[in-house]
Amino acid sequence: MSKPIVATTSLAGCFGCHMSLLDIDERILDLIELVEFNKSPVDDIKEFTKMCDIGIIEGGCCNSENVHVLKDFRKNCKILVSLGECAIMGGLPAMRNNIPIEECLQEAYLNGPSTKGHNPDGIMPNDEELPILLNKVYPCHEVVKIDYYLPGCPPRADLIWNALVALVTGDEMKLPYEVVKFD
Amino acid sequence: MSDKVKFKIDGKECEADQGLNLVEAAKQNGIYIPTLCHLEGVKAAGSCRICNVKINGRFMTACTTPVSDGMEVENSTEDIKELRKIIVETLFVSGNHYCPACEKSGSCELQALGYRFTMLVPRFPYAFEPKEVDAKSTKLYIDRNRCVLCKRCVRSIKTKDGKSIFAVKGRGHNAMINIDHELAAQMTDEEATAAMDTCPVGSILKKERGYFTPIGRRKYDKKPIGSDIEESVTI
Ligand code: SF4
Ligand code: SF4
Ligand code: FES
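Top to bottom, those sequences are chains A and B. Anchor point for the first sequence: position 22 equals 22 in our numbering, and the numbering is continuous, going up by one each time. Converting from the second sequence to our numbering requires adding 1000 to each position, the first position being numbered 1.
Worth flagging that the hints you see were computed from the coordinates, not collected in a lab. Note that the structure is predicted; figures quoted are calculated from it, not measured. All residues carry an ideal CB built from backbone N, CA and C; glycine is no exception. A few of these clues could be false.
[What the hints assert, rightly or not] Okay, the calculated beta carbon distance ranges per label pair: (1) 119(A) / 1186(B): 43 to 49 Å; (2) 133(A) / 1040(B): 46 to 52 Å; (3) 1172(B) / 102(A): 26 to 32 Å; (4) 36(A) / 1058(B): 51 to 57 Å; (5) 1082(B) / 172(A): 16 to 22 Å; (6) 78(A) / 1183(B): 58 to 64 Å.
Bound-form chain A, shown alone:
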């Protein structure tokens, strides 16, 4: 039997969830035995080359590119997993949801401590090559259907490991108290 194929991506996240995946330590060797990776920052495959079984999403959707990638994952993966608080509820990037977007941009490009006085023409990035910011940061499941959720900031390595093994073997997922956390 061929190995299940896994794809991963980081949308509006900090890569912490991916770091936590690596935190499974030497079990990473077992993981390579268990699954094959396709599109993922782990192996630097940029585009899907085949249909995948499991898509792991870190980060929520803060711009048009995040939405595009997420929809691409939904199309190319049988199962999608929201990994971490940002994918599940927007996380720290969503703290901007309570601030008008214009104010956010002004703070970043005009008035912030590192930009104040250094941007005399008041330029804000606005090129058609650049993804457009969404009005707010959205949890992934408010954009596409998500099948499973693994909370945490980042999710504990054991939680990710338990989930992957359960998904690959079809066994029930273990959720011990100490690994299901929102921080």
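For chain A, the structure is supplied; the task is to place chain B with the ligands on it using the hints.
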């Protein structure tokens, strides 16, 4: 002088002092009924509905119900557990709960209920409605993004001459907790810390106290909320 009454919770024979509210009566028998707005020794508000149980077949809030002889209580049936989980999820989406950045994380009762009910994601869409932060007081600040309007602060935090330091302003959707800055400025450090501990979530916080306890040693890092009660009585 106190009369004992006999009652049943999920079929288990229990005994407690007559007139005691059901939350405390259950506690005496090693049974945890989840609560959020309830505070031992303070007049019940019955506002959060987490403590919903079925008494003789009807939904009632345990914190507002005095125990009586022959009561038949259902506390942990699947539908009651699901109802409580729904309430917790509603609270998560109606406030702005960024747990990874919250000073109360790990010791927060709302979060702990989420853990106890294994809430992986709320089933409702997030409201993302901005709420105001008031940091004008010298010792305390209040972040209404996390307030669950349990009114514990209003009911229990008073000055020595009985004045309320916190009050509710507005009604319904617009209700919010306000702080009396003048009275708050007279609080001692201990009183300010106690106020922070009274709030079940990270809405009332003592300044310069955030992230005081390291991860791993916070209240609910290792054991679910209520497990101290469940472990207190061995049968
Ligand atoms: S108050 Fe509790 S639930 Fe809300 S953000 Fe803080 S830790 Fe999380
Ligand atoms: S500030 Fe805290 S104690 Fe007061 S009503 Fe809000 S959640 Fe309850
Ligand atoms: S604890 Fe009983 S209603 Fe809140």
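Hints versus structure:
no., hint, result
1, 119(A) / 1186(B): 43 to 49 Å, "holds, 46 Å"
2, 133(A) / 1040(B): 46 to 52 Å, "holds, 48 Å"
3, 1172(B) / 102(A): 26 to 32 Å, "holds, 30 Å"
4, 36(A) / 1058(B): 51 to 57 Å, "holds, 56 Å"
5, 1082(B) / 172(A): 16 to 22 Å, "holds, 19 Å"
6, 78(A) / 1183(B): 58 to 64 Å, "holds, 60 Å"
Comparing the model with each earlier hint shows no violations; every hint is respected.
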